[in-house]
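Peer 1: Take a look at the letters that make up each chain.
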Amino acid sequence: MKDIADLLRHHPFAEGLDEDTLSLIAGCARNVVLQPGDYLFREGGAADSFYLLRHGAVALETFVPARGPFTFLTVKTGEIVGADWLIPPYRSSFDARAVELTRAIAFDGKCLRGKCEADPRVGYEMMKRFIPPLVKRLQSARMQALGMYDAANA
Amino acid sequence: MPQTLEARAPQLAPMVPRMTPVTRFIRESDDVFTFDLAPERAMPFAPGQFNMLYAFGVGEIPISISGDAKTPERLTHTIRAVGPVSAALGKLQTGDRVGLRGPFGVGWPIDAYRGFDVLLIAGGIGLAPLRPVIYWLLRHRAAYGRVGVLYGARAPDDLIFHGELDEWRRTPDFQLRVAVERAGPEWTGDVGYVTPLLSKLRFDPADTVAMICGPEVMIRATALALEDAGVADSRIFVSMERNMKCAIGHCGHCQFGPLFICKDGPVHSYDRLRNLLACREL
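As you go down the protein sequences, you meet chains D and Y in turn. Under my numbering, the letters of the first sequence match residues 136 to 289, in that order. Under my numbering, the letters of the second sequence match residues 1019 to 1300, in that order.
Chain D on its own, in the form it takes in the complex (with noise of 0.2 Å):
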């Protein structure tokens, strides 16, 4: 059976990451299986964990009044859930739920800010990693909200 250092080996997110931060880091982390419908975390709920998706998909939702919630990304195999555990004060700021079976590296966002503080070449690390994925969905988020689908610029 693969322990929680072999499993995070195999995810993109470790790609070049030397062994005794790869061993640092595991600490923090667990498996974690979600079935369809299962939440990662819900909207206003404590940011305290982010996931690497080993296998399956993940909608990332608000809820909108009288129109229910709405899926405004959806995150597959490879990818990373999960960015409020980085900031204060580290509330969720949208429902992230399994659309499939899926499973996971769960993270204890308090033990990594933890041993990112301690070491800062781990922190730099962990920037390094978290820092592209997220530019690139700011990228999108842009694209999406030009409307570019919208009658004015079909």
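Don't take each hint at face value.
Taking lysine-lysine and the DSBU-like style, the derived pairs with C-alpha atoms no more than 35 Å apart in a straight line are [said to hold, decoys possible]:
(1) D:K250 to Y:K1218
(2) Y:K1218 to D:K245
(3) D:K250 to D:K263
(4) Y:K1263 to Y:K1109
(5) D:K211 to Y:K1109
(6) D:K250 to D:K211
(7) D:K271 to D:K137
(8) D:K250 to D:K137
(9) D:K211 to D:K137
(10) D:K263 to Y:K1109
(11) D:K137 to Y:K1109
(12) D:K271 to Y:K1218
If you want the footprint, here are the derived chain Y segments under chain D, 3+ residues with CB under 8 Å [what the hints assert, rightly or not]:
(13) 1167 to 1173
(14) 1200 to 1207
Since the hints were derived computationally from the structure, they do not count as laboratory data. Even glycine gets a Cβ: it sits at the ideal position worked out from N, Cα and C.
Since chain D is already given, all that's left is putting chain Y on it; use the hints.
Peer 2: The following block gives chain Y in isolation, referenced to the frame of chain D:
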């Protein structure tokens, strides 16, 4: 007789609309519809070419042909109602007539890239001008490498060609990814901007030809993403839209720098367009 894909010149008197009946009308979504026209004589066309459609008493607009080039006796057009002419066309019924001129312009160079991997990236109504390419690829599947289609739309209700999307999704060796910008919980597909899905398709950038049709902002972003992935700009083709009036390069309404979109396009290679697309005054 083997089918060729050379751009076809319009029949005689290219400025004279021919009265042509609507033979089938399909509502694709709230604001998008498809109709077939039956010209008096077959009008061979190449995928990516367009016709000028005249709604009597309202006006004339350029519309890409969205049907199969194998059936030139039936001309299919898919239109989004965004202005007075397209709205008037949307009120037509089977048996009504429109003025038809065409086919015009330069289409997709799909025939010239046999043996290559093919990526088609469509945004919104941009799937319509690419559908003839999909028909061509399905008919000549063995002549090409990997085939991938990315299609982005506002929401699930805005997707067009529903039945065919399902069919293409089930087709072996045919990668289709559909992304909508927002969706309810019943949608289990991708949600988000369409271009990042390029990373989910399998293709060899050194032997790939890409064709993009959609809003210009999307065209720019997608062309750059393809270049970042290693696809040469001379093998990225985009379909441009401008204010086409005469459709034969005489009036100048669609001039885009040194190009007339109606005559030199609407399909252009990105290496010709790159600097023009960056010029905000155009």
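Peer 1: Take the hints in turn and mark each one as holding or not.
Peer 2: So, going through the hints one by one against the coordinates:
no.	hint	result
1	D:K250 to Y:K1218	holds, 33 Å
2	Y:K1218 to D:K245	holds, 32 Å
3	D:K250 to D:K263	holds, 15 Å
4	Y:K1263 to Y:K1109	holds, 22 Å
5	D:K211 to Y:K1109	violated, 42 Å
6	D:K250 to D:K211	holds, 27 Å
7	D:K271 to D:K137	holds, 31 Å
8	D:K250 to D:K137	holds, 24 Å
9	D:K211 to D:K137	holds, 22 Å
10	D:K263 to Y:K1109	violated, 55 Å
11	D:K137 to Y:K1109	violated, 63 Å
12	D:K271 to Y:K1218	holds, 15 Å
13	1167 to 1173	holds (count 3)
14	1200 to 1207	holds (count 7)
Violated hints, in rising order: 5, 10, 11; the structure is consistent with all others.
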